[in-house]
Amino acid sequence: MNQYQLTIKVDDKQVVLERILQVARYRGFLINGMNAKVNTGTNIGTIELMVKSERPIELLVDQINKLIDIKTVKVNKNATQQCDL
Amino acid sequence: MTTEKKQTGGSVLFNVLQQHGVEHVFGYPGGAIMPIYDALYDSDVQHFLCRHEQGAAFSAVGYARASGKVGVCLATSGPGATNLITGLADALADSIPVVAITGQVPTSAMGSDAFQEIDIFGLSLACTKHSFQVTNVNDLPKVLHKAFAIALEGRQGPVLVDIPKDVQLAEVTKSLEDFSQLRNKVKLPPANVGSAIALLSKAKKPVLYVGGGVGMANAIDELRAFSDITKIPSVSTLKGLGAIDPDDDNYLGMLGMHGTKASNIAVQECDLLIAVGARFDDRVTGKLNEFAPHAKIIHFDIDTAEINKRRAADAAILGDLKINLPALAIPLSINDWQEKCQQMKADFGWQYDHPGENIFAPAVLKEISDKMPKNSCVTTDVGQHQMWAAQHMEFDDPSNFLTSGGMGTMGFGIPAAIGAQVSRPTDCIIAVSGDGSFMMNVQELSTIKRFQLPVKILLIDNAKLGMVRQWQDLFFNGRLSETDLSDNPDFIMLATAFDIKAKQITKKSEVSAAVEEMLDHDGPYLLQVKIDAQDNVWPLVPPNTANDQMMESI
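From first to last, the protein sequence lines are chains A and B.
Counting in my numbering, the first sequence runs from 51 upward without gaps.
Counting in my numbering, the second sequence runs from 447 upward without gaps.
These aren't lab readings, by the way, just hints derived from the structure by calculation.
Any given hint might turn out to be false.
Here are the simulated lysine to aspartate or glutamate pairs, EDC-like style, with alpha carbons at most 16 Å apart [to be verified]: (1) 116(A) <-> 749(B); (2) 116(A) <-> 843(B); (3) 755(B) <-> 98(A); (4) 755(B) <-> 104(A); (5) 121(A) <-> 98(A); (6) 820(B) <-> 843(B); (7) 63(A) <-> 585(B).
Beta-carbon label-pair distances, calculated as ranges [stated by the list, open to error]: (8) 96(A) <-> 639(B): 47 to 57 Å; (9) 635(B) <-> 80(A): 25 to 35 Å; (10) 64(A) <-> 784(B): 50 to 60 Å; (11) 675(B) <-> 104(A): 39 to 49 Å; (12) 554(B) <-> 121(A): 26 to 36 Å; (13) 104(A) <-> 939(B): 54 to 64 Å; (14) 768(B) <-> 85(A): 24 to 34 Å; (15) 92(A) <-> 639(B): 32 to 42 Å; (16) 966(B) <-> 64(A): 52 to 62 Å; (17) 87(A) <-> 635(B): 25 to 35 Å.
Covered stretches of chain B (in silico footprint by chain A; criterion: 3 or more residues with CB under 8 Å from a CB of chain A, positions within the stretch not fixed) [to be verified]: (18) 567-574; (19) 741-755.
These numbers were taken from a predicted model, which means no experiment stands behind them.
For each residue, glycine too, the CB sits at the ideal point set by N, CA and C.
Work out the full structure: start from the sequences and follow the hints.
See below:
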């Protein structure tokens, strides 16, 4: 199983965090860490998500990118690693 | 000083609908959506009262699929809203543009477990492309415009707008023109045209795999031109039927679990598979790692997330099919392969010489297909009759065959036919149903009666949940668990109760006259066709099996 860290920039709109979490769960990614904050000046949120899965991370990145309020999704390659279960 | 009447949330809704060209909506009123229904009273938008919110959602889907416009449905809060969910899920699975409006309890009561309160906004996350909850009436016009833009942008889909009752009642204080068009957020990577041309030029045995995306992209002309120039043998998904001209010599029919033998063998043998608006669904591929095992893949799509999702693409062509298909249309030297495919098509053609007096459903469907007027639109429910319709009827446009593909929703056919008939009042609309599916939204016969819609219903009746029965016989040792429907109601009496002319036939010799009577009848009509309960859909690729290992009989 691989562990990945995603950095997601979002417009600070209704339930955007719930949408991301729902997509991650449905597409087969376990969430084992999260940090979220909003810049109240720009109304742009930054969500850091630690996920693990046997599935390729591109699957999740593509699906999150389809959500309407997402600005960018980046995979932090340095934080990607193999892990036990 | 202006004397203009103040706009409320309810009246704004209908103004915006009209700005988007919406003439018809499907719905069901209730407590938390009463201000919207009060505004409807003064609106030019025509409302079709359905008898269940699921019927309203499916009618909106049928309307959208038959017309290419956005389908709109309305429901109240709580159970009204939850009853829409199956229709929204169906629209999401088949990428259908629908805008669903739900009433919600007043904002002051939200979160208090109020009467008929459910978190439909939360529930919508898994069954819509996007959703909104409007808590300030001044945001409503912009949100509604966005809902239409999102429903139609890129890969189409359903959008839900949840509007609390106090927002419906509140007066708008800002200019109604204050909205911005949705930007096209997704930047698609450049189409890999060079790689695709190289793959095409080298291919000796290519197959064109046509999906529902072709019709959604309005790219039928471009696809047929591509097919004419390249002369590549083609196969279709369930939702792609009608995109390729069914009379095209190089067209082999539907592929997949109940696909034609010629289609499935061609795909298994091909060295290049060109997927156009198709997504390698499990009902298409069978055992995925044995699907088209020798093929390189060119994948045309509008949705980045479909590329490499289930099958890696050797060349991805993302974007508008109307632009991208002509870029790859080059003549090919594949005569031997064309001839082989055409020979398979001839060798494995359908047989209609069914023994005995019992009615053979595929032959009935073939006869209707041959006799129905040009530009007829057929809807189906889900099960054996659906697969027989897909196999034995021919369509010249995907908007003339409306079937629940991705979600496989029983109960789709009758309300979808209602939506199709409303959008195309002069076309012949035929709902092909089974006795199991028919009962799932039978209350919509009342909608047919209310609006005197001339929908024709072909009810293929084996007094069974036929497809499940078939699987129980084939894969569960004949243990027929809960698939007997021999206590069905008298369908003729039932239809008659809704002022729908009805007739039952039980013998082959009755088919031709009955089909003609149904098609010639001016109003709604139900033709109940009794068939043998043991009839199966063939061919069948068993689950988790390669597509060339199809069963053709017991």
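Here is what the structure says about each hint:
Restraint check: the Cα-Cα separation between residue 116(A) and residue 749(B) comes to about 8 Å, which is no more than 16 Å; the hinted pair holds. The hinted pair formed by residue 116(A) and residue 843(B) fails the criterion: a straight-line CA distance of about 29 Å is larger than 16 Å. Between the alpha carbons of residue 755(B) and residue 98(A) the distance comes to roughly 24 Å, so the proposed pair goes past 16 Å and is violated. Note on residue 755(B) and residue 104(A): the hinted pairing holds, with a Cα-Cα distance of about 14 Å set against a maximum of 16 Å.
Restraint check: the Cα-Cα separation between residue 121(A) and residue 98(A) comes to about 14 Å, which is no more than 16 Å; the hinted pair holds. In summary, the hint linking residue 820(B) to residue 843(B) is supported, as the alpha carbons are separated by about 11 Å, within the 16 Å threshold. Pair hint residue 63(A) plus residue 585(B) holds up; C-alpha atoms about 13 Å apart against a cutoff of 16 Å. Remark: the range hint 47 to 57 Å for residue 96(A) to residue 639(B) is contradicted by a beta-carbon distance near 36 Å.
Evaluation of the 25 to 35 Å hint for residue 635(B) and residue 80(A) yields a pass: the beta carbon distance comes to about 29 Å. Our hint of 50 to 60 Å for residue 64(A) and residue 784(B) holds, since their Cβ atoms are close to 54 Å apart. Our hint of 39 to 49 Å for residue 675(B) and residue 104(A) holds, since their Cβ atoms are close to 43 Å apart. Roughly 34 Å separates the CB atoms of residue 554(B) and residue 121(A), a value that falls within the hinted 26 to 36 Å.
A hinted range of 54 to 64 Å for the beta carbons of residue 104(A) and residue 939(B) is consistent with their spacing of about 56 Å. A C-beta distance of roughly 43 Å is found between residue 768(B) and residue 85(A), which places it outside the suggested range of 24 to 34 Å. A hinted range of 32 to 42 Å for the beta carbons of residue 92(A) and residue 639(B) is consistent with their spacing of about 38 Å. Checked against the hint of 52 to 62 Å, the pair residue 966(B) and residue 64(A) passes, with Cβ atoms roughly 53 Å apart.
Against the hinted window of 25 to 35 Å, the Cβ-Cβ separation of residue 87(A) and residue 635(B) comes to about 30 Å, which satisfies the hint. Check result for the segment 567-574 of chain B against chain A: holds, 4 residues qualifying (beta carbon to beta carbon below 8 Å, three or more required). Counting residues of the segment 741-755 of chain B whose beta carbon lies closer than 8 Å to any beta carbon of chain A gives 6, which meets the minimum of three for the stated coverage.
Of the numbered hints listed earlier, those contradicted by the structure are 2, 3, 8, 14.
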